[in-house]
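Letter by letter, the chains look like this.
2 protein chains.
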Amino acid sequence: MSNKDLVLEIPYGTRDFLPREAAEKRAIEGKIAETFKRWGYDEVATPTIEFLDTLTMGNGSNLESKMFKLFDKENRTMALRYEMTTPIARVVASRLVDDLLPYKLSYISSVFRYEKTQTGRQCEFHQAGVELIGSSKATADAEVIALAVSIMQEAGLKDFQICLGQVEFINGLMQQCCILPKQQEQIKQAIESRDLVALNAIVDNTELPEAAKAMVKQLPLLHGDRKVLYKAYNMAMNEQSRRALDNLTEIYELLEAYGVAQYITFDLGVIRDFSYYSGMVFEAYTPGLGYPLCGGGRYDHMLTDFGRALPATGFAVGIERILLSLERQGLAKPAIAKNVYVAYVPGKQQEAIKLVQDLRNQGKTCELAMSACLELEADAYRQEKGYKELVFIK
Amino acid sequence: MSNKDLVLEIPYGTRDFLPREAAEKRAIEGKIAETFKRWGYDEVATPTIEFLDTLTMGNGSNLESKMFKLFDKENRTMALRYEMTTPIARVVASRLVDDLLPYKLSYISSVFRYEKTQTGRQCEFHQAGVELIGSSKATADAEVIALAVSIMQEAGLKDFQICLGQVEFINGLMQQCCILPKQQEQIKQAIESRDLVALNAIVDNTELPEAAKAMVKQLPLLHGDRKVLYKAYNMAMNEQSRRALDNLTEIYELLEAYGVAQYITFDLGVIRDFSYYSGMVFEAYTPGLGYPLCGGGRYDHMLTDFGRALPATGFAVGIERILLSLERQGLAKPAIAKNVYVAYVPGKQQEAIKLVQDLRNQGKTCELAMSACLELEADAYRQEKGYKELVFIK
Chain Z
1 MSNKDLVLEI PYGTRDFLPR EAAEKRAIEG KIAETFKRWG YDEVATPTIE
51 FLDTLTMGNG SNLESKMFKL FDKENRTMAL RYEMTTPIAR VVASRLVDDL
101 LPYKLSYISS VFRYEKTQTG RQCEFHQAGV ELIGSSKATA DAEVIALAVS
151 IMQEAGLKDF QICLGQVEFI NGLMQQCCIL PKQQEQIKQA IESRDLVALN
201 AIVDNTELPE AAKAMVKQLP LLHGDRKVLY KAYNMAMNEQ SRRALDNLTE
251 IYELLEAYGV AQYITFDLGV IRDFSYYSGM VFEAYTPGLG YPLCGGGRYD
301 HMLTDFGRAL PATGFAVGIE RILLSLERQG LAKPAIAKNV YVAYVPGKQQ
351 EAIKLVQDLR NQGKTCELAM SACLELEADA YRQEKGYKEL VFIK
Chain Y
1 MSNKDLVLEI PYGTRDFLPR EAAEKRAIEG KIAETFKRWG YDEVATPTIE
51 FLDTLTMGNG SNLESKMFKL FDKENRTMAL RYEMTTPIAR VVASRLVDDL
101 LPYKLSYISS VFRYEKTQTG RQCEFHQAGV ELIGSSKATA DAEVIALAVS
151 IMQEAGLKDF QICLGQVEFI NGLMQQCCIL PKQQEQIKQA IESRDLVALN
201 AIVDNTELPE AAKAMVKQLP LLHGDRKVLY KAYNMAMNEQ SRRALDNLTE
251 IYELLEAYGV AQYITFDLGV IRDFSYYSGM VFEAYTPGLG YPLCGGGRYD
301 HMLTDFGRAL PATGFAVGIE RILLSLERQG LAKPAIAKNV YVAYVPGKQQ
351 EAIKLVQDLR NQGKTCELAM SACLELEADA YRQEKGYKEL VFIK
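Chains as they are written, first to last, in this note's numbering: chain Z, 1 to 394; chain Y, 1 to 394.
In short, the hints are calculated from the structure, not lab data.
Among the hints, erroneous ones may be present.
One copy or any two copies: either way a pair holds, since identical chains are not told apart in the list.
Stated by the list, open to error - Here are the simulated lysine-lysine pairs, DSS-like style, with alpha carbons at most 25 Å apart:
id: 1; residue 1: Lys116; residue 2: Lys69
id: 2; residue 1: Lys116; residue 2: Lys31
id: 3; residue 1: Lys37; residue 2: Lys388
id: 4; residue 1: Lys354; residue 2: Lys388
id: 5; residue 1: Lys348; residue 2: Lys182
id: 6; residue 1: Lys182; residue 2: Lys25
id: 7; residue 1: Lys354; residue 2: Lys217
id: 8; residue 1: Lys73; residue 2: Lys348
id: 9; residue 1: Lys69; residue 2: Lys354
id: 10; residue 1: Lys37; residue 2: Lys333
id: 11; residue 1: Lys73; residue 2: Lys116
id: 12; residue 1: Lys213; residue 2: Lys388
id: 13; residue 1: Lys158; residue 2: Lys182
id: 14; residue 1: Lys338; residue 2: Lys364
id: 15; residue 1: Lys69; residue 2: Lys158
id: 16; residue 1: Lys354; residue 2: Lys158
id: 17; residue 1: Lys364; residue 2: Lys158
id: 18; residue 1: Lys231; residue 2: Lys25
id: 19; residue 1: Lys338; residue 2: Lys158
id: 20; residue 1: Lys37; residue 2: Lys25
id: 21; residue 1: Lys31; residue 2: Lys364
id: 22; residue 1: Lys213; residue 2: Lys394
id: 23; residue 1: Lys354; residue 2: Lys37
id: 24; residue 1: Lys116; residue 2: Lys354
id: 25; residue 1: Lys333; residue 2: Lys188
id: 26; residue 1: Lys348; residue 2: Lys213
id: 27; residue 1: Lys388; residue 2: Lys73
id: 28; residue 1: Lys73; residue 2: Lys25
id: 29; residue 1: Lys25; residue 2: Lys116
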C-alpha cells in the first residue's frame, strides 16, 4: 500500500456518515431531542474524554481493556467515554447538588468501545438516553420504559418488543438456592448470553439439590406475557425475589396506563451487561436486528460511589441501530427535499445571486452554480444532485 | 484530595454543558444545520479518531504536539480530530470520487486541541463549517463568506465584522522584495500575531532596500474599506500580488450582490494559522470577544496531497464562541418554554399518566410527578423547575 492509500484509511471500527446517512442521523436525533424535551428531560453534554478513574468508578475496572486510553500532560490516564450513565452520575454528584430532586436528564452523544464491531455498532457509535435520578418509585421505571417506546415510535419504528426483567429476582433466587458467588457469576453470564448448554453444564457441576438445579435451568425460559409472572411467583420463596416480582407487576400496571403494555414481554433472563443494574432491566428488539436497539434499567448504587446516594433509572438507545432497523424494514425516509438549482449565462451572476438569496429567504433549499454554463449542463447537474427545479437565467 | 474528589474532576480544557447551556447549544446547532441545508450544503460526519498520518497530511506535522494521541491494537498512532477540513478532504478523495463537482459539504462537530485554553475555546470545542470543493472561482469564495454572514445572523448576532485578506498578496510582495524563505516565515508570524514591534525588528534586520522595508512594515496597516485595495494596488509590482487584489475586488463585488458588503473590512494582514491557505482568507470578529468567531479561506493544494487535485474554499465557526458572544451582548434567548407540571394525590397516578400523555401528544412540554404529594409541594417544584402551569389531580 502506498503512503497515499494509508492516509485515506480510517481506524478499525470507525465510519464516515456520507450526506444521505448524515441527514438521516441529524433528523432522527432532532426528533429524539424534541421527544426528550416534551417529556420534561433536560439535555446535558459531557466531555468526550474523562479520567479513567471516573469511568471505571461507574463501569467497573473489567471494562478498562475495552476503553480507548490516552494520557494528559501530567501522565494521568484518561479514556474516551464508554457510555453516558457514568459521566452523568459525575455531573449529578458534582454540579447539580443544589437542584430539587428528581433530576430528569437526557443526552445524545458519541461513545467509544474498543471491541469487535457488531451489526449497527462500531467502536465509535452514538447513543441517546435519559437518566431519571432521585426516585426509587416504580413510576420512575415505568416512565423511562414508556419514554423508550415513544422514542422508537417517533423515530419511525412500528414493530418492536420490550423484554422486561428484574435482576433482583435472579439474585434472590440464587441466594435462596445458596449458590456460591463465583458460580452466580458464571450462571449470570450463561443466562445473559442465552447459552443454555453452558448454563446446564455449570448448574450440573454444582452441589445443588435437584429441585434448585431445575429452577435455575428454567430461568431463561421465563419469557412471555403476564402469565410468566405467576409462574415466577411460584418459584420465588424469598422476600428479595418476591419484591422483584411485585415491582414488575406495579411497573406493568403503570405501562397499561401509558397505553404501551402491548410492547412488553416479560423476560426474567434479561440481565444486561453492566454490573451497576440493581432492579428493573429492559431491552428493546426489532425484527431483522440480532442485537437490542435499546436497553436500560435501575441502578440505585452507582451514585453512592460518586458520593451522593441517590436511586436512579434510565435507558440508552443506539442511533445507528435505529437507522439500520429503519433501512432494513423499508421505513427510512427519503432524503430532504432540495428545491431549486439556480444557474446562469455569462454576465448574469449577480442577478442569480439576488434570486437565490430571495428563494432562501422564503425557506427554500437552493444551490447556486459556481460559474456560467449551458442550460443542458445545468439541468444534468440539477438532476444528479436531486434538485426538483432548475431556474436558468439567460 | 480524597479519591472521591478525584473521580469528580474532568480533564484540563474540557467542560460539561449543564441544561441551560446544552439547550442553547442544541438550538444554535439546529439553526446552523437548517441554514447549511437551505444553501445546498450536505452534512457529512467523520470519526472522532483518525490516523495521525491523515491529520498531519492536512495540517502539517508542526501541529502534532497539539494533538490528543492514542494507539490502536497494532500500535499505529491515532489522534482526535484537530479540525474538520482535513477529514473532509480525506472523505472527498476516498468516498465521493464518482459524484459531480463541485461538492458543497457541511459539518457540525467536536474538535480537540491540546493547548492553553482561550476565551470561548477549550481543548475540546465545537465547530460548524462548510467546504466548497471543486471550484476555483471567486463565486465560490463569495458564497462561503456570504454563508458565514448568514450563519452569524441566524445564530442571533447583530454586530460583527469580517476581515478579508488574501495570502497571495503578501506572498507576491515578499517575492517581489526577494525576502529569504526563513525571513518570510518570521515576517508572517509577526503579522499574524499583530506584533508590530517584532515585525519592525525582523525587517530592520534584513538586507532589504529601504523602500522594501517600508512596504513590508506597512502590511498590517492595510486595513479598512475598499480604499485599502487602491493603496495595495500601488504597492503590488508583480503579477501574483496584483492577481490577489483582482480576486479580492471580484469577491467584494459579488458580496455586494449578496447584500452583505457592509460587514466586510479589508485586512491584508490576515494570514490565518493554518499553512494550507492559498488565496482569500477571512476572520469574523464581534465586540467583546478577543478572538475570531469564525475563520476560513481558500486552500487549493490540500486535496492534491490526498491524491485528488481539486481547488477548495470554506470556513469554520466556533459554537462556544457564538454562545459566549450572544451572552456577553445580552442576546442569549431565554430557556425553552416548559408548559405543565402534573402532580396528584395518592390513588390518582394512572389518571395523571393519561393526562400527561394527552398533553404531550398536543406537543406540550410536561413533567409528571414521580409520587403523590401535597399541592403546595407540587407548586414549589413547578416553580423551581420553570414550568408555567401546575395541573394537580385530586
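List in ascending order the numbers of the hints, as given earlier, that are violated by the structure. 2, 5, 6, 7, 8, 9, 12, 13, 15, 18, 19, 22, 24, 25, 26, 27, 28
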